[in-house]
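K.L.:
Using the hints, position chain B against chain A.
The listed protein sequences correspond, in order, to chains A and B. Just so we're aligned, residue 135 is where the first sequence starts under the numbering used here, counting upward by one. Just so we're aligned, residue 135 is where the second sequence starts under the numbering used here, counting upward by one.
Please keep in mind that the hints were generated in silico from the structure rather than gathered at the bench. Please note: incorrect hints may appear among the correct ones.
Which copy? The list can't say, so a pair holds if one copy fits it or any two copies do.
Stated by the list, open to error - Capping the alpha-carbon separation at 25 Å, the derived lysine to aspartate or glutamate pairs in DMTMM-like fashion look like this:
no., residue 1, residue 2
1, K641, E703
2, K511, E172
3, K716, E479
4, K641, D727
There are 2 protein chains.
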Amino acid sequence: MMYDWLNVEVLTSRARYIAYNREILDSILDVSEKIAAEKFGPLNRLIDQQEPAYIDGQAILPDGVADALDAYAASGLLAAGHDEEVGGMQLPYVIDMAAHSFFALHSISLSAFGMLTCANANLLMAYGSEAQKAAFALPQLQGRYSGTMCLSEPQAGSSLGDITTRAVPDGANYQAHTLGPRYRIKGNKVWISGAGHHLTDNIIHLVLAKIPDENGDLPLGTKGISLFVVPGFLVNEDSELDGKPNDIVLAGLNHKLGYRGIPNTLLNFGDSAGAIGYRIGNAGQGLAIMFHMMNEARINIGMGAAMLGQAGYKAALEYARTRRQGYLRSMNGTRRDRQQARIIEHADVKRMLLAQKSLSEGALALVLYCARLVDDKRTGGPVEQRRATVLLELLTPIAKSWPSEWCLEANSLAIQVLGGAGYTRDFPVEQYWRDNRLNMIHEGTHGIQATDLLARKIRQNNGEAFYLWVAEVRRTVSSCATTHTELEPFARQLEHDLSCLIETTQKSCQDSMFDLALAHATPYMQAFGHIVIAWLWLDVVRAVLDHPGLDASFRAGKQAAMKYFFACELPKSAHWLNLILKEDATVQTMAEDWF
Amino acid sequence: MMYDWLNVEVLTSRARYIAYNREILDSILDVSEKIAAEKFGPLNRLIDQQEPAYIDGQAILPDGVADALDAYAASGLLAAGHDEEVGGMQLPYVIDMAAHSFFALHSISLSAFGMLTCANANLLMAYGSEAQKAAFALPQLQGRYSGTMCLSEPQAGSSLGDITTRAVPDGANYQAHTLGPRYRIKGNKVWISGAGHHLTDNIIHLVLAKIPDENGDLPLGTKGISLFVVPGFLVNEDSELDGKPNDIVLAGLNHKLGYRGIPNTLLNFGDSAGAIGYRIGNAGQGLAIMFHMMNEARINIGMGAAMLGQAGYKAALEYARTRRQGYLRSMNGTRRDRQQARIIEHADVKRMLLAQKSLSEGALALVLYCARLVDDKRTGGPVEQRRATVLLELLTPIAKSWPSEWCLEANSLAIQVLGGAGYTRDFPVEQYWRDNRLNMIHEGTHGIQATDLLARKIRQNNGEAFYLWVAEVRRTVSSCATTHTELEPFARQLEHDLSCLIETTQKSCQDSMFDLALAHATPYMQAFGHIVIAWLWLDVVRAVLDHPGLDASFRAGKQAAMKYFFACELPKSAHWLNLILKEDATVQTMAEDWF
Chain A
135 MMYDWLNVEV
145 LTSRARYIAY
155 NREILDSILD
165 VSEKIAAEKF
175 GPLNRLIDQQ
185 EPAYIDGQAI
195 LPDGVADALD
205 AYAASGLLAA
215 GHDEEVGGMQ
225 LPYVIDMAAH
235 SFFALHSISL
245 SAFGMLTCAN
255 ANLLMAYGSE
265 AQKAAFALPQ
275 LQGRYSGTMC
285 LSEPQAGSSL
295 GDITTRAVPD
305 GANYQAHTLG
315 PRYRIKGNKV
325 WISGAGHHLT
335 DNIIHLVLAK
345 IPDENGDLPL
355 GTKGISLFVV
365 PGFLVNEDSE
375 LDGKPNDIVL
385 AGLNHKLGYR
395 GIPNTLLNFG
405 DSAGAIGYRI
415 GNAGQGLAIM
425 FHMMNEARIN
435 IGMGAAMLGQ
445 AGYKAALEYA
455 RTRRQGYLRS
465 MNGTRRDRQQ
475 ARIIEHADVK
485 RMLLAQKSLS
495 EGALALVLYC
505 ARLVDDKRTG
515 GPVEQRRATV
525 LLELLTPIAK
535 SWPSEWCLEA
545 NSLAIQVLGG
555 AGYTRDFPVE
565 QYWRDNRLNM
575 IHEGTHGIQA
585 TDLLARKIRQ
595 NNGEAFYLWV
605 AEVRRTVSSC
615 ATTHTELEPF
625 ARQLEHDLSC
635 LIETTQKSCQ
645 DSMFDLALAH
655 ATPYMQAFGH
665 IVIAWLWLDV
675 VRAVLDHPGL
685 DASFRAGKQA
695 AMKYFFACEL
705 PKSAHWLNLI
715 LKEDATVQTM
725 AEDWF
Chain B
135 MMYDWLNVEV
145 LTSRARYIAY
155 NREILDSILD
165 VSEKIAAEKF
175 GPLNRLIDQQ
185 EPAYIDGQAI
195 LPDGVADALD
205 AYAASGLLAA
215 GHDEEVGGMQ
225 LPYVIDMAAH
235 SFFALHSISL
245 SAFGMLTCAN
255 ANLLMAYGSE
265 AQKAAFALPQ
275 LQGRYSGTMC
285 LSEPQAGSSL
295 GDITTRAVPD
305 GANYQAHTLG
315 PRYRIKGNKV
325 WISGAGHHLT
335 DNIIHLVLAK
345 IPDENGDLPL
355 GTKGISLFVV
365 PGFLVNEDSE
375 LDGKPNDIVL
385 AGLNHKLGYR
395 GIPNTLLNFG
405 DSAGAIGYRI
415 GNAGQGLAIM
425 FHMMNEARIN
435 IGMGAAMLGQ
445 AGYKAALEYA
455 RTRRQGYLRS
465 MNGTRRDRQQ
475 ARIIEHADVK
485 RMLLAQKSLS
495 EGALALVLYC
505 ARLVDDKRTG
515 GPVEQRRATV
525 LLELLTPIAK
535 SWPSEWCLEA
545 NSLAIQVLGG
555 AGYTRDFPVE
565 QYWRDNRLNM
575 IHEGTHGIQA
585 TDLLARKIRQ
595 NNGEAFYLWV
605 AEVRRTVSSC
615 ATTHTELEPF
625 ARQLEHDLSC
635 LIETTQKSCQ
645 DSMFDLALAH
655 ATPYMQAFGH
665 IVIAWLWLDV
675 VRAVLDHPGL
685 DASFRAGKQA
695 AMKYFFACEL
705 PKSAHWLNLI
715 LKEDATVQTM
725 AEDWF
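With the rest of the complex left out, here is chain A (with noise of 0.2 Å):
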């Protein structure tokens, strides 16, 4: 995938990354592997049987988890995206996505400590001062400190613009501060993930605020919003922990369906005389600074259910592999043989493992594909920094919903490949299933994503983004037609779908049919997502036809997983854009007391 479909090999010419080759980046992703099966695996299950506990004001987690997460940190993974001279690796993004996916393989809720402080780091490193990212930035690139995002209130969960967390001026002097304009933050925070334990010297939190004006007033909406750095242990104009606690209170843990190697948390600032937190870039800029890392951490939702798809497939498999029941039988009911037979030979069970295969490895081709044009974006010329910014913006709702959804698909169906023995905790594919159902909703849900796509994303510069795409999936379709014959039929498919989706989408556009076709916003997401995987499945197969010294089975398995994927999903996309095509209003005319 990385070499033969992604060009990988390609970036290494880039300055950036002239220090690696192939071999270097292929030890970079075994040690990565080896790391997380033998630190996180061992811990996935012990994490989930013993969540987070809130004795005391803290949150504690199971013997075990700081020592994963130190060696975590100790690959020197946290930093290497990063510049050399910080102490970062300048590892290429898709790279660096590549060897973080191991480590979801193994403990989807472990790994993200470490997204989350990733994601909390490079966002200081982009906006913040010189002082900020030495303050708080590089020791969270260490592994010394963590990082959080506090976004939610109470009142306000997707609903950003309506907090009320207040952010004063901390006196008359509080612009005179080495790590920035000082404020006192007040305001309760929800569904905040990683924060509240000891595992880290110190607890970096990203805070959503708004600064109230000569009146009191706190301004409206989203614009009003500033962000401030709120570290959980105060730090010194050195950059050194002071020691002294600021005024955060752990106010209480959620009890989750799964996810729960990383606590989530209430958490209460400036209960006391106000926490201390420092403003990163100008006042109302806040929201426009967190989008630009949420983009990045809805690819890695997206990465993290695709993972999950993938390792619930591998337990099934396994299982499939060894288990033996029930006879192959002809049509009068003769067994075709004496033993049991193992499962997977079951035609049904054949079905479910190639269905997770399609929907699981279908995930990982898009969310790589992505962290291949972060790539691109970052370190390409400039007509392919500005393809690959666009293409982004479109396919990151995509990148976000489309494994959140279909690898939890896949996630039930593993469950249905172990029968009864999957419903227990003697395996661990009903952990996966319940850790994957989190991803449809954390980093903007579902329907916020739907949304984000049907009515921004696909209207911007007169759906730039969209057409662009348009072009690449059909450059991908001609190149199928004229070079693979045997592929024809697929790409011939795949137009007529895209044909519809165009149709659809030029039709949702008018102005007349926003408010129904809002009401089908997830529909329509869910066959653009369907379309998108096809396209890239027939992408994906087509490089594989290009290099016919793959070995034969992996080429054949890629094969038959696209023509599942062709066969068993990709038909779902018209009945779905059907319902904006043929003006269905039942939904948009349900009125609220016929429930």
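P.N.:
Then chain B, alone, in the frame of chain A:
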């Protein structure tokens, strides 16, 4: 639904139900709902949090369970369907099921105790000797004893022909016992729900085992299976408990994803001298007898899944009506209102609620329709009996599988409506989702149901059941087309999909298509199920239109839910059927080493 659609009042003119009228039936349902809400409802989270504990060879359940089950038994519902002379109520089955459904609504896993006990006693009442009825069935109907079904073994889950539990005649005079031919049972049973506890005075196990031949060899296959009643504590010839424990050991408990109010156990029979059991019916009849009750159990599974779907829908609806979040916006992004909207006002939330209504009420219609058929099978005239028997054969796999799959989807949508809150234990929806996940597995997995439908039910007697059902659907279609013109487009859509199903069914019955069709048995069953539900929705709405006196919101809601199903769900069926129609061989030709 009961009176205006299913004509339940007709039943009260039948001799067996002559004591009932609508008022009495309604009051039975009201009382059942009240007891279930008061006694089961408050325990449902507790039993999930405190799963059964294995202590000193017993399964220990939380305080309160015994009282709740006593209240259930005191309601008289355990014996509701039986003759008055044995303490029953001679209640029509459709009312019996509806009364039980409230218990499933308030705690699916606690209601499973009653379900298993009823099923056990029903089997004994149908196939046991008078002495067996008196000793084992009546105390269950009175709630003093409870019951289990012991089918699976470690090497024989779905493949019951491979069980190795042995039943050896207990001495030369083994036939001379009042309670029936007496055997010593040895073997290990797994996945046994409702065993190992001390909530009732005794537990009656119905155990499948094989009687060895003169060489000590067990007969092969399912035809060698016999059925035994094996009490936990021995019973003397006067049907009284003699207090001596039988030779049965609780070897362990399964730790389940959900459905935790009832222990699921591993039982060892005959570790010492052999557990004493009495044969029911003839040797070799075991599976046939067991399947008699399995068919009703399967409809009950569907009912439980439907009620979980209902429970999630109600919880999501309540949340959506009160929770405020976000703003309704115009196309240019401006707010339509100053106050945050209640989330039910957001189109995507409304869509998810309507989907839940459509799926869970559709499922409920299906299981009630089947329960009504059971009444015709039991108390109808000869023509009605034949029709009901044949239709039930065909529809049982659908009644079991469709609610299990689609009300699970509804439960996932309930979580999604609540967002992050839905992912926590502060709300019940995550538990509904976990509880419901069992229903696609137990009492015959989804794949087993699909094979049963495709390889047996549609073929029996040259498709007698299938074509009888087709005629029923066409009766609804033509009645809608002639008397309710507003339903005509839906009738046409249904007729089109029905034709497609008929074509696919005929194709899949061709000898040359057997293996290919088997690989698509699950999609075939999904399509079949969707067409069944569409038919029932149309028929429900036809009945609603025939009763203009019904509440206007109720009528509008039913119509909207029907329209939703036809717009958003039914179109999937054509796609599923196409896999067989187009002879897609992707799954069939997948080789094991390509995974």
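K.L.:
Output the indices of the hints that this structure fails to meet, ascending.
P.N.:
2, 4
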